[in-house]
Structures are given as structure tokens and as C-alpha cells.
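Engineer: Given the coordinates of chain H, work out where chain U should sit on it, guided by the hints.
Residue numbers (my numbering), protein chains in the order written: chain H, 1 to 350; chain U, 1 to 79.
Honestly, the hints are just simulated from the structure, not real lab data. Incorrect hints may appear among the rest.
Calculated pairs, DSS-like style, for lysine-lysine (alpha carbon to alpha carbon, straight line, at most 30 Å) [said to hold, decoys possible]:
| no. | chain 1 | residue 1 | chain 2 | residue 2 |
| --- | --- | --- | --- | --- |
| 1 | H | 31 | H | 150 |
| 2 | H | 216 | U | 60 |
| 3 | H | 242 | H | 266 |
| 4 | H | 170 | H | 199 |
| 5 | H | 302 | U | 20 |
| 6 | U | 59 | H | 328 |
| 7 | H | 257 | U | 60 |
| 8 | U | 47 | H | 338 |
| 9 | H | 338 | U | 20 |
| 10 | H | 79 | H | 3 |
| 11 | H | 242 | H | 112 |
| 12 | H | 328 | H | 169 |
| 13 | U | 63 | H | 203 |
| 14 | H | 266 | U | 59 |
Here are some, though not all, of the chain U residues that point toward chain H, as calculated from beta-carbon distances under 10 Å [as the list claims (entries may be wrong)]:
| no. | residue |
| --- | --- |
| 15 | 3 |
| 16 | 5 |
| 17 | 12 |
| 18 | 25 |
| 19 | 28 |
| 20 | 33 |
| 21 | 35 |
| 22 | 40 |
| 23 | 46 |
| 24 | 49 |
| 25 | 51 |
| 26 | 61 |
| 27 | 62 |
| 28 | 67 |
| 29 | 76 |
| 30 | 78 |
Just so it is clear, CB atoms sit at the ideal spot from N, CA and C, and this is done for glycine as well.
As a plain string of letters, each chain reads:
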Amino acid sequence: MAKKYRIVHYINQFYGGFGGEDTAGMDIVVKEEPVGPGLAMKNMFGDKAEIVATIICGDNHIAENLETVVPKVVEIVKKYNPDMFIAGPGFNAGRYGMACGATTAAVVETLKIPGVTALYAENPGTDVYKDRCYILKTENNARKMREVIKKVVDFSLRLVSGEAIGDGKKEDYHGSGPAIEIDYSIPAPKRAINMLLAKYYNKSYRTEVVMPNHEKIPVPVLDKPLSEAKIALVTDGGLVPKGNPDNMVVTNSTCFKYHSIEGKDKLSPEDYEVRHQGYNNAFVLEDPNRLVPVDAMRVLEKEGVIGSLFDSYFTTAGVMTPMEKGKKFGEGIAQIMKEHNVDAAILTST
Amino acid sequence: MTKEIERAGIPIVQVTNLTKIAEGIGSNRILRGNSVLHVFGDPSLPKENEVAYRKNAVKKALKMLEEVPEEGKSVIEEI
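Same shape as in the complex, but just chain H (with noise of 0.2 Å):
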């Protein structure tokens, strides 16, 4: 017979069938039995898997101290020896979603057992934990308990048995889950083969470099016809004047630049060089407008096509940059843009 795995589940006083507000101040409870969510869990779990301890404690009293609660949590759980770790659903619960979050990112972090919980996208446990552990989405009610019961034991099933876990998008879960531990001690070549090997085998691997999870913000729409529109070409491609005048940089970029294109029918090779690392910029060199296509929007602007083209273009080297620098760019970018009443932009990323 396969395995049965062994979980401690963590749940609030009102799961753990103690009251509401009135006892939201009562300190840990230990049942070593499913308790609440838990009882639907063990009949999900079959004999795959087994409750062996439920965690119970008032959302005041762990809200209140975490620093010192979540470490009790943690050794309690410890005590069990379990193959993995779930606390909640928490849906929209506040307080209860810290506790969820908390815990389940300390004994992933400290006990290095997997672990999942279950939130609302607004739980301030969401926005606090969901890059520290797993967070599966979840709405902002209880209503649907079954159904997220089902998500969190079925997660949990792949999770533990060191199943292949896909990113946050795929997978249902907020932020980027777990931090990613590197070790070093191993060099990258050899962890990149392993990761290629796990991945081919369909086994549990985690990536080292994290696509955060993208923020929805409403579609632009342009909103006049493109014959009266301004455009702005943007790049992250390294073009600068010849000379580099700004010393931009060709990694790591601090700054984007802005250079004048006016009266230029096309971007002339002997005008401009390349300021980026990141690729062969031979055929940039040869001819900038195929980074840059000022020639035929030259041609456009003529033929009425567009209104016109902004007359200067944005540049900055997208090589080893930060999120944090690329989004700080956009917002300066932006912001010209708007002040010389730019309708659309075309961006080229090498």
C-alpha cells in the first residue's frame, strides 16, 4: 500500500466549533482529529492521506501576537512529524487570513514541508504571504466550501507527493508561492540540468528566476482615428547617438533617455550606436530604423496614415534591469508623453 501522508491542519476558533467574536481571544487547542473543514478534507483524502493534528486558536489572539503564537504553531506542528501543513480556507476572513498566511509561511520556511492555505485576492494575508507560500485563490465567502475543499486537498495530494507545480497563473494561486531557496554550493549548470531533468519527468522543481504574476490594468483605447493620432516610439533596445552622450549604460540600466528625431526622414548607422549587452546589435548598427522605424513612419505620417510621429524617441538598455527600474522608466516615460499629448506608442524589445 502507497503511503499515507501525514498532515496537521490549521483552523480558527469558529471552524474549531469554540464560537464567534466571544472566543476569538482563546489561546491554542490541539484535537488530534479532522475538526471543521478538515472532516470534509479526510473524506476527500481517502486513504491517501490523514489528518493526524488540528491546530485551533482564536483569530484575536494569533492576529494580535504573531510573533510569538506563529512560533508555538510551528513547534506544535513540528511535534507530528507531517508530510505537509494546511491552514484554513480563510476566504475574506482578516484576521483569520494572517493566521492562515503566517503559519503556513513559517512552517514552510522553518519545518521545509510543503504547505498551502486558501484566501480571498484582498485578505491582507493574501498580499503579506502569497510570495512566502502557497495561497490558493479563493472568493470572498464561505459559500463555496466544498468546492475550494476539493482545490485545497487536491493541490495538496500533488504537492505532497512532489508532483510538478506550475506557476501561480496556471495553478490557481496567488503571488509566487514559496521562496525560492538556491543553493549555491551547487553550481548554476548543474542545478539548470536538474531543474531540465525534473521537468522532463514531470517532478517538483521550482524556477529560479520568478515571472511576478501580472497586475490587470485596463486596456488602453485609442481614442481618436490613427490619421489625427500622435505616436511615440519607445525601446528597449540600447539605440543612442553616436558617442553615447548620456553614458548610458549596457546592463543594469539606471535611466531611460529621450533624443530628438525631429526633421530626420530615417535614423542614419552613422548617427547612432548600440548601448546594450544583451544581443548582437550588428544589424541595429547597420540600419537603426529596424529597431527604431522612424523611416517608415516618416513614410506613414506623409501618406496620412497616422497624425504624426512624436518627435523624439525613448530609450533605455532592458538587460539585467529590475522590475522595479523598468516600471519607475514606463511611469517617466508615461508621463512625457502625456505633456507633449503623445495618443499611442510602439515599444521594441530586443
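Structural biologist: Chain U alone, transformed into the frame defined by chain H:
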């Protein structure tokens, strides 16, 4: 950068060959370029033809600016 420019309400099309990254970041309008090395170019073409090619590619990008992608879904097109 694309996201921040969008946040300011300015429609933008990102022309790149690393479309997975653009999509991962959440760019709404993505046009696959000719190559990472020459996004808006095709060095295999004679000079005049390459300019015509580029004009066509830019037109494609401009057309994407006019269209409104479905909310939450990146539109990825080819030149």
C-alpha cells in the same frame, strides 16, 4: 514599461520576439518581430524591399493600436 505606459491610459503595442515574456508581464498588444536582432527589419531583403517590409510591419502594429483586445487576454499577432 509597457504596463506603466498603459496605466497612464496610453495604448501601446509591444513588438518583440520574446512574446512569452511580454505575455507574462501582461502586455495587452503584442506583435512578434522579425528577430530579436532586428525586430522591425529583415536583412535578407534588398534595401528598398526592406523599407517596404518595415512599413507593412509598422502598419500592422498601428492596426493593433486601433483594435481593442478582450480584457485580461493578450493579443499576439505575427507580422
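Engineer: Indicate, hint by hint, whether the structure satisfies it.
Structural biologist: Now for the hints, and whether the structure bears them out:
1. H:31 <-> H:150: holds (22 Å)
2. H:216 <-> U:60: Status holds; Cα separation ~25 Å.
3. H:242 <-> H:266: Roughly 15 Å separates the two Cα atoms, so the pair holds.
4. H:170 <-> H:199: holds (16 Å)
5. H:302 <-> U:20: With a Cα-Cα distance of about 35 Å, the restraint between residue 302 of chain H and residue 20 of chain U is violated, given a limit of 30 Å.
6. U:59 <-> H:328: Judged against 30 Å, a Cα distance of about 29 Å means the pair holds.
7. H:257 <-> U:60: Between residue 257 of chain H and residue 60 of chain U the Cα gap is close to 26 Å, so the pair holds against 30 Å.
8. U:47 <-> H:338: Violated, at about 35 Å.
9. H:338 <-> U:20: Roughly 29 Å between the alpha carbons, so the hint for residue 338 of chain H and residue 20 of chain U holds.
10. H:79 <-> H:3: Within the cut-off at roughly 19 Å; holds.
11. H:242 <-> H:112: violated (54 Å)
12. H:328 <-> H:169: Roughly 25 Å between the alpha carbons, so the hint for residue 328 of chain H and residue 169 of chain H holds.
13. U:63 <-> H:203: violated (43 Å)
14. H:266 <-> U:59: holds (17 Å)
15. 3: holds (6 Å)
16. 5: holds (5 Å)
17. 12: OK, holds: residue 12 of chain U within 10 Å of chain H, min 4 Å.
18. 25: holds (6 Å)
19. 28: Holds, about 5 Å.
20. 33: This hint holds: residue 33 of chain U lies near chain H, its Cβ roughly 7 Å from the closest one there, short of 10 Å.
21. 35: Result: holds, 8 Å to nearest chain H Cβ.
22. 40: Given a least distance of 4 Å, the restraint on residue 40 of chain U holds.
23. 46: Status violated, d = 12 Å.
24. 49: With a minimum Cβ separation of about 13 Å from chain H (threshold 10 Å), the hint on residue 49 of chain U is violated.
25. 51: With Cβ-Cβ at 6 Å, under 10 Å, it holds.
26. 61: Interface hint status for residue 61 of chain U: holds (5 Å vs cutoff 10 Å).
27. 62: holds (6 Å)
28. 67: Given a least distance of 9 Å, the restraint on residue 67 of chain U holds.
29. 76: Violated, because the Cβ-Cβ distance from residue 76 of chain U to chain H comes to roughly 13 Å (cut-off 10 Å).
30. 78: Violated: closest Cβ of chain H sits about 15 Å from residue 78 of chain U, beyond 10 Å.
Hints 5, 8, 11, 13, 23, 24, 29, 30 from the list above are not met by this structure, while the remaining hints are.
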